[in-house]
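Build the full structure now, drawing on both the sequences and the hints.
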Amino acid sequence: MPSLKANSKLLIVNRKNRRSIHYLPFTIYSKARGFTLIELLVVISIIAILIAAGTFSWTNAQQKGRDAKRKTDLKSVQQALELYLQTYGRYPTADASGNITCSDGAAGTGTISWGETFQCPPGTGLIFMQKMPKDPRQAGIISQLANLLPKPVQTPRPQPQVAASHTGIFDSASSSSTAGGQSDTLSWSHTVGTGANRLLIVGVSIGEDKSVSTITYGSQGLTFRGAAYSGTSVDDARAEIWSLVNPTSGTNTITVNLDGTTAIAAGATSWTNVNQATPLGTTATGWGNSTSPQVNVTSAGSEVVVDTLSADGTPTAAVGAGQTQHWNVQGGDVFKSTRGAGSSEIGAAATTMSWTLNSSRKWALVAVAIKPAAPSPSQVAWWKFDEGSGPNAADSSGNGNAGTLINNPTWTTGRIGQALSFNGTTNYVSAPDSPSLSVTGNTITLAAWIKPSRTGANEQVVGKWGAGQDSYQFRINSNNGCNSTTNRITFRVESNSNCVLSNTALTAGPWWHVVGTYDGANLKIYINGELDATAALITNLTDKTGSFSVGRNDDGNYFQGVVDDVRIYNSALTAAEITNLYNAAPSPAPSPTPAASPSVGPTPTPLPGTSFVYSYGSTSPTTFILKANLENTSDPDLTSLGCNPAPFNYCVTNP
21 MPSLKANSKL LIVNRKNRRS IHYLPFTIYS KARGFTLIEL LVVISIIAIL
71 IAAGTFSWTN AQQKGRDAKR KTDLKSVQQA LELYLQTYGR YPTADASGNI
121 TCSDGAAGTG TISWGETFQC PPGTGLIFMQ KMPKDPRQAG IISQLANLLP
171 KPVQTPRPQP QVAASHTGIF DSASSSSTAG GQSDTLSWSH TVGTGANRLL
221 IVGVSIGEDK SVSTITYGSQ GLTFRGAAYS GTSVDDARAE IWSLVNPTSG
271 TNTITVNLDG TTAIAAGATS WTNVNQATPL GTTATGWGNS TSPQVNVTSA
321 GSEVVVDTLS ADGTPTAAVG AGQTQHWNVQ GGDVFKSTRG AGSSEIGAAA
371 TTMSWTLNSS RKWALVAVAI KPAAPSPSQV AWWKFDEGSG PNAADSSGNG
421 NAGTLINNPT WTTGRIGQAL SFNGTTNYVS APDSPSLSVT GNTITLAAWI
471 KPSRTGANEQ VVGKWGAGQD SYQFRINSNN GCNSTTNRIT FRVESNSNCV
521 LSNTALTAGP WWHVVGTYDG ANLKIYINGE LDATAALITN LTDKTGSFSV
571 GRNDDGNYFQ GVVDDVRIYN SALTAAEITN LYNAAPSPAP SPTPAASPSV
621 GPTPTPLPGT SFVYSYGSTS PTTFILKANL ENTSDPDLTS LGCNPAPFNY
671 CVTNP
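Going by my numbering, the first residue of the sequence shown is number 21, and it counts up by one from there.
For the record, the hints were derived by calculation from the structure and aren't laboratory data.
One or more of the hints may lead you astray.
Restraint ranges, calculated between C-beta atoms of paired labels, are given here [claimed, not checked]:
#, residue 1, residue 2, range
1, Thr271, Asn603, 20 to 26 Å
2, Ser209, Ala368, 31 to 37 Å
3, Ser269, Gly488, 49 to 55 Å
4, Thr505, Thr271, 51 to 57 Å
5, Ala528, Thr271, 43 to 49 Å
6, Asn462, Ala528, 30 to 36 Å
7, Thr273, Ala528, 50 to 56 Å
8, Ala341, Thr594, 37 to 43 Å
9, Thr273, Gly476, 58 to 64 Å
10, Gln438, Thr298, 26 to 32 Å
11, Pro411, Thr271, 46 to 52 Å
12, Asn603, Thr505, 29 to 35 Å
No residue lacks a Cβ here, since even glycine has one placed at the ideal position from N, Cα and C.
Structure below.
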């Protein structure tokens, strides 16, 4: 073909089925054609594959995003439920239909199905979690968990009055505020229990440059204990603590009077087992403008620290780690408002009380340690095993019967605080003989929380026994006197034949509270607060020089398991005192196979991806199930949540 020159004449002609290019004197023809059917099908298939892959990736990403949000929600709910458990000693329960009781204030009390709605008006309960979305794809749909977790009736739990507990013992809490307005006074009802050595603490959060003038409980006046404040104008935050020693038992009105009108939020806690002569330590105060209020308090392990927070405006306030929230309320109106809250924590050499606000605010925080009452004169030894480390176990009775850890028993989680775990072969705790441990006469009480980890072995749990110096002991599967090979426990004094054998077999695994008493006429064993066995006996305990041991006796017979809260009294505790002693511990965990199985409520589970529903159902105070529509049940994080839940179930149990 000749080359085309710049000045050549070019002519393009379109004819039927042909296209020709004319370059004189030549003509070039090109035949037009489209896709064949096979080519078209290939192209369509490729496009379909690309669309399907993109759709799958997008759907999978959405599913993972929703499940990630749900996992976060479920863990938040678990934390809220654990806080509820710490506060009330149990989980909220429902009836057989999955309904829970909730307070709607002036309208009274009704029931509501957890799965059907979250719209239960708030009552006076604590806020255990600020927000919980019903559906992570629907922003703005929130619920206050306090509305779903009804506050139990504040019937004070029986408390042991036989001796000082670890600290002052919580009795009840209440709160109020000038919600929707301002005032110079605030009143509400509070119930104080009948326990001995009582103390009432009232915390007040106020705004502006105002302060509390007086506080009364019925006809009794409270004493000002300290205040913290931040700011000098209308955006002040001021927190005050007042107290009353030995408040009257029963329900009375608390009245707070201010020196001017402003927003008020206040709460009260009552306590038993408090030192009546010197109930409180030195008040500590802190203030600032941030999201992290905190204050350091000088205290001791036998004390409990209480605090009162005041924050300007309407922030939310989350309690610090290790603290138990008792009240958290908002007071005021659009012109002036304040957030008030109060909590407690078991003390240490230095205790930090802290809160977290959701926005930076002026805040004030005041805290003080509550001092426990002196031990009962009849208590001769009390090993809490709460040290958590080190080679010694302190005697909290004040009688100086410290124990030494032999061959490294292991510190572990106890029934109350910490405990010691024994291997059953070499390790134990030994306290040398002392005048207080050499109980004489015709009365004694021996008590302990124990958790056996094997069956069939002849084991001394605790006692002053062996090497010819037999005084008193607890023994499982004794082979002398009260013989047993079925894991029953023996309480004996002075000799092998002076014994009583339990009717209950102590299975391995659960915690058992065992108490043995001798009153001069009968030996008795109490299991978990209930009388289990009795044997008549007339004898006297005599002075013996052997050591007291936990985990074995002086002849061996090692115990395998965990022991906590060992107590000795030189008197015979009454049945009521023993029940109170048992009830003083946190609510017990369920047996490995709980008798009452939780049942999911009537809300049907939707198809995956259609909605996000939490449903609830439980008739047991020790088990709680949240049923969540988890789409990807192969996710190990989802399938391992809680206590081995079935797909779509999230289970929280009392540890």
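Verification of the supplied hints:
The hinted window of 20 to 26 Å between threonine 271 and asparagine 603 holds, with their beta carbons roughly 22 Å apart. At roughly 34 Å, the beta carbons of serine 209 and alanine 368 sit within the given window of 31 to 37 Å. Range check, serine 269 to glycine 488: Cβ separation about 51 Å, and the 49 to 55 Å hint holds. For threonine 505 and threonine 271, the Cβ-Cβ distance of about 54 Å falls inside the hinted range of 51 to 57 Å, so the restraint holds.
Hint check: alanine 528 to threonine 271, Cβ distance near 45 Å, so the stated range 43 to 49 Å holds. A hinted range of 30 to 36 Å holds for the C-beta pair asparagine 462 and alanine 528, which are about 35 Å apart. The hint said 50 to 56 Å for the Cβ distance between threonine 273 and alanine 528, and at roughly 52 Å that hint holds. About 39 Å separates the C-beta atoms of alanine 341 and threonine 594, a value consistent with the hinted range of 37 to 43 Å.
Taken as a hint, the range 58 to 64 Å holds for the pair threonine 273 and glycine 476, whose Cβ atoms sit roughly 60 Å apart. Between glutamine 438 and threonine 298 the beta carbons are some 27 Å apart, a value that agrees with the proposed interval 26 to 32 Å. Range check, proline 411 to threonine 271: about 49 Å between beta-carbon atoms, so the 46 to 52 Å window is met. Judged by the Cβ atoms, the range 29 to 35 Å given for asparagine 603 and threonine 505 holds: they are separated by roughly 32 Å.
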